[in-house]
Structure formats: structure tokens, C-alpha cells
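Asks: Just need the whole structure built from these sequences, with the hints factored in.
Sequences listed follow chains A and B, in order.
For the first sequence, my numbering assigns the number 1 to the initial residue and increments by one for each residue that follows.
For the second sequence, my numbering assigns the number 1 to the initial residue and increments by one for each residue that follows.
Hint data in this document are derived by calculation from the structure and do not stem from the laboratory.
Here the structure is a predicted model, which means the values were calculated and not measured.
Every residue, glycine too, gets a C-beta built ideally from N, C-alpha and C.
Each hint can be trusted.
Computed cross-link-like contacts, DSSO-like style, restricted to lysine-lysine with a CA-CA straight-line distance of at most 30 Å:
| no. | chain 1 | residue 1 | chain 2 | residue 2 |
| --- | --- | --- | --- | --- |
| 1 | A | Lys213 | B | Lys21 |
| 2 | B | Lys179 | A | Lys213 |
| 3 | A | Lys32 | B | Lys8 |
| 4 | A | Lys236 | B | Lys21 |
| 5 | A | Lys220 | B | Lys21 |
Pulled from the structure, derived: some chain A residues nowhere near chain B, Cβ distances all over 12 Å:
| no. | residue |
| --- | --- |
| 6 | Met66 |
| 7 | Met70 |
| 8 | Gly72 |
| 9 | Ala178 |
| 10 | Leu238 |
Here are the simulated distance ranges between beta carbons:
| no. | chain 1 | residue 1 | chain 2 | residue 2 | range |
| --- | --- | --- | --- | --- | --- |
| 11 | A | His8 | B | Leu69 | 37 to 43 Å |
| 12 | B | Ala25 | A | Glu187 | 33 to 39 Å |
| 13 | B | Ser10 | A | Arg28 | 24 to 30 Å |
| 14 | A | Glu187 | B | Arg183 | 28 to 34 Å |
| 15 | A | Gly23 | B | Arg175 | 36 to 42 Å |
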Amino acid sequence: MAMKSTDHEIASLYREGGASGPGTEVDREILKAARAAVAPKAAPSNWWTRWRLPLQAAATVCLVAMLTVMVGRHEPLPPAVPPLAMNQAAPATESRAPVPPPETAATRERPAPPPPARARPEAKIATQAPATLPAAPAPSAASSEIASAPGANTIAADAQSVRSFAKGEAEAGAAPAAKAAARVAAEQPMAPRAWLDAIQLLIDQNRLEEARKGLEAFTKTYPDERVPEGIRTRLKRLSDGGSGQ
Amino acid sequence: MAERLPDKDSRTDEGLMLAYKDGDAAAFEVLYGRWRRPLFRYVAHQCGQNGASDELYQDIWLRVVNARLQYEASARFATWLFRIAHNRLVDHWRASNRVPVVDIVHHDDEDYDPFAALPGPEDERPERIVERKALAEQIVAAVQSLPDVQREAFLLSEEGDMSLEEIAALTGVGRETVKSRLRYALGKLRQELSRWR
Numbered sequence: 001m002a003m004k005s006t007d008h009e010i011a012s013l014y015r016e017g018g019a020s021g022p023g024t025e026v027d028r029e030i031l032k033a034a035r036a037a038v039a040p041k042a043a044p045s046n047w048w049t050r051w052r053l054p055l056q057a058a059a060t061v062c063l064v065a066m067l068t069v070m071v072g073r074h075e076p077l078p079p080a081v082p083p084l085a086m087n088q089a090a091p092a093t094e095s096r097a098p099v100p101p102p103e104t105a106a107t108r109e110r111p112a113p114p115p116p117a118r119a120r121p122e123a124k125i126a127t128q129a130p131a132t133l134p135a136a137p138a139p140s141a142a143s144s145e146i147a148s149a150p151g152a153n154t155i156a157a158d159a160q161s162v163r164s165f166a167k168g169e170a171e172a173g174a175a176p177a178a179k180a181a182a183r184v185a186a187e188q189p190m191a192p193r194a195w196l197d198a199i200q201l202l203i204d205q206n207r208l209e210e211a212r213k214g215l216e217a218f219t220k221t222y223p224d225e226r227v228p229e230g231i232r233t234r235l236k237r238l239s240d241g242g243s244g245q
Numbered sequence: 001m002a003e004r005l006p007d008k009d010s011r012t013d014e015g016l017m018l019a020y021k022d023g024d025a026a027a028f029e030v031l032y033g034r035w036r037r038p039l040f041r042y043v044a045h046q047c048g049q050n051g052a053s054d055e056l057y058q059d060i061w062l063r064v065v066n067a068r069l070q071y072e073a074s075a076r077f078a079t080w081l082f083r084i085a086h087n088r089l090v091d092h093w094r095a096s097n098r099v100p101v102v103d104i105v106h107h108d109d110e111d112y113d114p115f116a117a118l119p120g121p122e123d124e125r126p127e128r129i130v131e132r133k134a135l136a137e138q139i140v141a142a143v144q145s146l147p148d149v150q151r152e153a154f155l156l157s158e159e160g161d162m163s164l165e166e167i168a169a170l171t172g173v174g175r176e177t178v179k180s181r182l183r184y185a186l187g188k189l190r191q192e193l194s195r196w197r
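Replies: As C-alpha cells, then:
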């Protein structure tokens, strides 16, 4: 029961004056939101909604399987005559059909330029064959290509500076984080985000009792702030004797 | 004591909130009916800005709805509700860089009669009603002109039906400080009342 210190007459006069309550529109909006929050999720209404995802998944699987089979079927046999030899064997067209440059990861991805219309069919096959060969991924080739690309030194330098910056930040951030954790341990209120981060830090340091007390104080001070599920779960798991990871 | 509309539900506020947490929307409606007026008056008298109070009031209830899963009946529902309202108001003031509340204009002229402009009463009863209504409005205006901390203590006591200890816990000060704030607030309100009599 509340200890009433207010003067009775003042209290009754105060209640008679001033705002009487919110408008009906505000009431309606709040109640609508409250009902919607606990309403069960509506069931899918038609067969398409129900089967859409399974059908999409099945179609994707079929497509992938078909492509795999097709690619396997078109795996070229080792040519009896190497493409280069074939090209040499057709000097009449050689001057018109440009010899493809040595294949690289980059050129593999680019479509082969269309051969001249007057080139013989054999020559077409010979010039296109290297482009249609299934190419295994070549990360080393790609990376060497990036390394040799113009501006690669700048990119590498940027990456290095980002890494060193992040390292520096982490080192610089460690001290404030420890201070925040100490404040949580002392149950001093803080801004919600910083408070939760500090609790997380306490959990990471296995200071479970302080973390639990900090969480209790947090929920008391900020009852409507959402506590990340990870914090609750880890705290519970750790206190049950698990690893917490 | 906060003025709450009577309802036929025998459950406590805490029981209703727990029922709502479990998905009972009807429980929320009962709870809302009990606390809509006190909370609105708390917000309106704290906020003191037309238009903003509706928005804040609605936002506070939406926060209650969204925080329902975190509710635990370890404290009174009213304390939990007004804690959310208090935090929301603090955010609002911070965002709007609120200026200090100025004092209401007092008519120090002794010849001034606040009721002179009112039509003459037909009989005693309507006159008393009008007088009382005017006094009530003056008291509300006086409440709104109280210093922030005193007004908050008064409103939490009146609208939230909260004890000194609960107000102290919510506002982060000692019990004696709250008691002192309430005493000052009531002193000023009494002074205002006697001025109009």
C-alpha cells in the first residue's frame, strides 16, 4: 500500500481537473497492437502458399542435377590433335580467325569473341574449344592476377592498414570495456547498450555471479529493453555447468 | 490514490499482465482499462505539450506490449509500467532539449476576481460546481508548474499509487529525498489553493 503524504483536498481537486484520458482513436490503436502481438500466426490460405517453398526447392534441385549431368556429358575427350595443331593445320583461316590468347581465370569467364563468319566450321571448333573447357577453380591464378593488377599494391596496403587499425581499436577498447565491466560488477547504472556489452564481457571472463547481478539490475532499470537471447542463454548454460560457447 | 475504473475481473494487475504474457489479449484490455487514465494524466502533466502527450502515451503502451515477455511478477505492475513511462519521458526530454518549466502567471492584484467574468449563478449549487471546477484547474496548473522532480514525485504518488520507497527506487534517490520533494510540492499546492480562496 502506498504511503500517502498528499493532502486529501488537494488530491481530490487534482483528480477533478486536467486531462481525463486518451482519445478513443488512441485507445483503439493500442488495443489493436496489443491483440496483434499475441494473435496466433494465420495459417497459409491456399495450396500455392503452402507448397511454394517445397516446389521452389525441388525445382532448384532438378535444375542443378540437370546441369551437372549435361556438363558431365559434354566433358570433352582429350583431343586427338591439340587445338594449337589444328589451328596450324588450317592456315587458310588462321589469318582471319584470331588465335585465343593463353587462357587465364579472367578470360575463361569472358565469352569468347564470335569468330568471323567466313571461318570454316572446323576452325570454329578449334578456336572455341579452349573456351568451352570446364575450368577448375584457380584461386592461386586469380590471386596472382589480382596481385599483378594495377592498384593491387594500394589494395594490399589498405587491407594491412585496416587490420592494424582494427587491432589498435581492440587494444584501445579493452580498457574502457574493463571499466564498464567493473561498473556492472558494482551495479552502477549505465546506458543500455554499454551495460549489455559489459555484461557480455563479464560472461566472457567467466564472472558469472557479477554478470547475473548486472543483468538483474539492468532489467530492473530498463524493463522494456530487449536483452539479447545470447546473453540469457550463455548465462544459463554457464551456470548449468556448460561451456557457454 | 490513483483513480481507476472498476472492472469485474478479480485478478490482480500482475496476474493480468502474466495472462497477457501467455497470450490472453482480453487480460490486457482489462489492465489497460485500469491504467489508461492514470498513465495518461501522468504523461500529460509531465509532458505539458499538446500533441506530444498522445504520442508518448501510445508509445509507452506499445513498449509494454513489446516487453511483455520480459515481465516478471517480482514487482508491482504499476511500478513496472511507470518505470517504462519514466524512461520514455526522460528520452523525450533529452531529445527535445527541454527548457525549464516557467512559473504560471499569478494575479497578484487583490481586486482581481477570477470568477467575475462567469455568469451569475442561478442558485448555490451551480456556483459551487463552477468554483470547484476552477479550483481543480488551478491545482492542475500548479502541479504542472512545480519543479520537475517535485512534480514527478507528486504524480507517481497520485497516479501511480506508489509508495515513497517505490518512487525512490524508480527515480534513483533516497526515500527521505522523495519525502522532502513531496512535502515541498504539497506546500506549494496548498499555497496556490489558499491564494484562490
